[in-house]
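> Here's the letter readout for the chains.
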Amino acid sequence: MSPTDLPTDAAPAGVPAPAPLLRVRGLSKSFGTNRVLESIDLTVGRGRVLALIGPSGSGKTTILRCLNGLEVADGGTISINGEVTLDFGTAPARKELTGLRDRSAMVFQHYNLFPHKTVLENVIEGPIIVQGRPRAEATAEALALLGRVGLADKRDAHPFELSGGQQQRVGIVRALALRPQLLLFDEPTSSLDPELVGDVLRLIKELAVEGWTMVIVTHELEFAREVATEVAFVDGGTIVEHGDPKQLLRNPTQERTRQFLHRLLFPF
Amino acid sequence: MNQSTWDLFLSSLGPIVLGAVTGTIPLALVSFAVGLALALVLALMRLSRRRWISSIARVYISIVRGTPLLVQLFVIFYGLPSLGVLIDPWPSAVIAFSVNVGGYAAEVIRAAILSVPKGQWEAAYMIGMSHRRALTRIILPQAARVSVPPLSNTFISLVKDTSLASLILVTELFRQAQQVAAFSQEFMLLYLEAALVYWVICLVLSSVQGVLETRLDRYVAH
Ligand SMILES: Nc1ncnc2c1ncn2[C@@H]1O[C@H](COP(=O)(O)OP(=O)(O)OP(=O)(O)O)[C@@H](O)[C@H]1O
Ligand SMILES: [Mg+2]
Numbered sequence: 001m002s003p004t005d006l007p008t009d010a011a012p013a014g015v016p017a018p019a020p021l022l023r024v025r026g027l028s029k030s031f032g033t034n035r036v037l038e039s040i041d042l043t044v045g046r047g048r049v050l051a052l053i054g055p056s057g058s059g060k061t062t063i064l065r066c067l068n069g070l071e072v073a074d075g076g077t078i079s080i081n082g083e084v085t086l087d088f089g090t091a092p093a094r095k096e097l098t099g100l101r102d103r104s105a106m107v108f109q110h111y112n113l114f115p116h117k118t119v120l121e122n123v124i125e126g127p128i129i130v131q132g133r134p135r136a137e138a139t140a141e142a143l144a145l146l147g148r149v150g151l152a153d154k155r156d157a158h159p160f161e162l163s164g165g166q167q168q169r170v171g172i173v174r175a176l177a178l179r180p181q182l183l184l185f186d187e188p189t190s191s192l193d194p195e196l197v198g199d200v201l202r203l204i205k206e207l208a209v210e211g212w213t214m215v216i217v218t219h220e221l222e223f224a225r226e227v228a229t230e231v232a233f234v235d236g237g238t239i240v241e242h243g244d245p246k247q248l249l250r251n252p253t254q255e256r257t258r259q260f261l262h263r264l265l266f267p268f
Numbered sequence: 001m002n003q004s005t006w007d008l009f010l011s012s013l014g015p016i017v018l019g020a021v022t023g024t025i026p027l028a029l030v031s032f033a034v035g036l037a038l039a040l041v042l043a044l045m046r047l048s049r050r051r052w053i054s055s056i057a058r059v060y061i062s063i064v065r066g067t068p069l070l071v072q073l074f075v076i077f078y079g080l081p082s083l084g085v086l087i088d089p090w091p092s093a094v095i096a097f098s099v100n101v102g103g104y105a106a107e108v109i110r111a112a113i114l115s116v117p118k119g120q121w122e123a124a125y126m127i128g129m130s131h132r133r134a135l136t137r138i139i140l141p142q143a144a145r146v147s148v149p150p151l152s153n154t155f156i157s158l159v160k161d162t163s164l165a166s167l168i169l170v171t172e173l174f175r176q177a178q179q180v181a182a183f184s185q186e187f188m189l190l191y192l193e194a195a196l197v198y199w200v201i202c203l204v205l206s207s208v209q210g211v212l213e214t215r216l217d218r219y220v221a222h
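In order, the protein sequences belong to chains A and D. Read in order, the letters of the first sequence correspond to residues 1 to 268 in the working numbering. Read in order, the letters of the second sequence correspond to residues 1 to 222 in the working numbering.
Treat each hint with caution, since some may be false.
Unchecked claim - DSS-like mimics (lysine-lysine), calculated; alpha carbons at most 25 Å apart, straight line:
{"hint": "1", "chain 1": "A", "residue 1": "K95", "chain 2": "D", "residue 2": "K160"}
{"hint": "2", "chain 1": "A", "residue 1": "K205", "chain 2": "A", "residue 2": "K154"}
{"hint": "3", "chain 1": "A", "residue 1": "K154", "chain 2": "A", "residue 2": "K95"}
{"hint": "4", "chain 1": "A", "residue 1": "K117", "chain 2": "A", "residue 2": "K154"}
{"hint": "5", "chain 1": "A", "residue 1": "K117", "chain 2": "D", "residue 2": "K160"}
FYI, nobody ran anything at the bench for these hints, they're computed from the structure. Computed from a prediction, not measured in an experiment: that's the story for all the values here.
The following block holds chain D by itself, in its conformation from the complex (with noise of 0.2 Å):
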């Protein structure tokens, strides 16, 4: 690497982090959060004894993970203003991620809870717990302890996937690093570079994951 390919990965490292920083991060953050809202309103709903709202949720959850996010998103952004909704980048991106997010990791609650054994409910009824209290008391905070390594999974693939927000004009990591390509004409050296901040994020991100799955595990009845 000779010293100006070196001078330009420097600096254009900056703004590839700002985009990173102010961008990807919070939009995969809040993206996840209210996604996850939804997919725990949504795995009830499919495991509801009423046919009628169990279908409901089968048939969004369907739909979020038969058609591509990118679909998806264009669908929000470029489809809806011409039925007259006009909604900026930003709020376009988290509400197409969300739902997203909502479908997958509704059916990763759902098995969570599935997977808590029968006896779980049983002894919270036996105490004389409600439905609900025993739900929300025994049953989620051992199904969450479940869910942490597939959710942390959804949670990476969403990282990377808010890089498809750059073709809504997002401001973020991605976006970034194709404005100084576009200035520059170093497409491989931005896009590498680009490839690496994702990777060093993500790589946290599992390490995280690990110190998260060793810590719930023991807490899970067998």
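Next up, chain A with everything else stripped away, as it sits in the complex (with noise of 0.2 Å):
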């Protein structure tokens, strides 16, 4: 598995435009009287990697985590591939929710791995106990998923027993098996040690490559600029701009991105 050419952005001529993967309009969540998204706006066409860059507290995990139905927008509608849309003015119903979840996968920041059960069983909890699939073909395609990462003699395993890089390349793997049409990732490499940093990323750009469709929240503009296809910087719960990652995070055209740009690139 190595990264080839990256796919090209634009349709092929004559081909008319899919529908965007990911959809989302409007988008409002407070907690309490704390207002943490405004009106979130996002489109995502399938095989497009977008990067949330954004300061602490600007909104960037809630709205991955609204994405994947861990919390419920107040407002806004989300549709995934058309197939499913939520319209938060309403109240949703739980098996809508579900509908959303089906059909992301995250990877958070603190992996989360299940520490009671074993890496292969990590893996294949989702696509036997919750889609029920076969065991021996879950198993077959966990276990190839494991290869690819270098993982597979850990399969037995237990999370406690791994480094911090690897057990987030199990936290991939797991969301990969579930098969899911958009992946999350909410800072994948934040918590890692600066010298694990690396095989992570690598493996986001490899999957990026394949034309997984992604959501990313990072702090590494490096990465951003060359894996994602888009980035939207955050600020406030609102996104304050939108656009080319090579053009945005190099010649930024608001104010705030400026200095939030400015403050990662030069720290003190």
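With the hints as a guide, dock the two chains, each given alone in a separate frame, to form the complex.
Structure, rendered in structure tokens:
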């Protein structure tokens, strides 16, 4: 598995543009009186990679959690692939939230692997127990995925026996094994020791090349520039600026974006 | 220790150990099992979002923890008959001890469930689990590991507390010792001997607890 040519952004001439895989309109969320998300609009096409950047507390994690149905927004709509559309203006039924979860999978900042289960059990829990797929098939697929991230020999290890980088790769495999349409990453490398960051970023880059649709919250600007097809700067619960990574990260149009990037590049 | 004291010590060891094997130990095991099942239900009720459900559990736990075990035992065995409810010594003891363990272990289990990091719930939901499935497959197995040390302590206390059952005529370790003592008039010897047997049982249980703890500790999310 080596990175090949990046997929071209434009659809071939003559082919009508397909519906976006993810469409978010007017997403809002408050915790008590704290208005955390204010009318967020996002569109992510199939096979595209959106990087969310922004200061701490700006609402990036909350956006991902809403997309995965872990948090119930209190306004706006989320639709995935035109198959499920949730309107948070009316309280969504639990069944609809499940529809959201079935189509997306999340990789957590702190991995959140199940400590009482082995690596293999962590990966097949969802496919077998939740999705009801045959054990033999789910196990074979899990082992293939573990093999590709170089962890085949850790199948029977428990998470506490793994390094952070290995745990996060298991976290990614666990998400992939669910066969989601949309992958969500919440600062996937920010709990890792610096020397382990590269392995995980390389893996995510390979997934991008393979055509997975992803939303990634990250502070790794270089990574966002190289892997993302678009980037959005989130501040104070709104999307301040949105555009091409190379353009936006070098030449932001908004003063707030400029200040944020400057602080990230020159922390002291 | 002279010869006749030593002989009495040895000859009374038989009935005392018999009392432990046929009374104390099964009484503790049965009561603990029933009590744990009760405790799990109470802990889940206590964590319920529905106020009235958690209130019922809260009141139950408060009463059990706020009244002496001996009084609970007497209410069941000597009190209920005046309401026309007659229960034999053994079942009375099992009921009282189970009710008691239920109250104490409920708080232990509740705390253990709350100690499992929120991220575990989220990962379970993320892979598509329902609340019930997340609870039974992801949260409770981890909570069980966290609760081993406190629940072991509850069990060891229970083993000692079963001596109270002698007061409602259950044939167990201490009642056997009392009877030999009354017969031989060697109170100090027999009560010390009973204490010794309790101590040995608890030593064994403590070492089992130690093994369990080191074995289970590493599978807990920190
Ligand atoms: N469960 C919650 N209850 C109350 N407030 C919350 C909750 N979750 C998040 N918040 C608040 O929402 C705001 C946005 O949080 P969020 O975690 O989305 O920010 P973030 O952009 O991911 O920050 P960071 O870069 O530090 O991870 C913060 O002010 C936070 O305190
Ligand atoms: Mg965050």
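> Indicate, hint by hint, whether the structure satisfies it.
Hints and how they fare:
1. A:K95 to D:K160: Not OK: K95 (chain A) and K160 (chain D) at ~50 Å, beyond 25 Å, violated.
2. A:K205 to A:K154: holds, 23 Å
3. A:K154 to A:K95: It is violated: about 36 Å lies between the C-alpha atoms, which goes past 25 Å.
4. A:K117 to A:K154: holds, 12 Å
5. A:K117 to D:K160: violated, 36 Å
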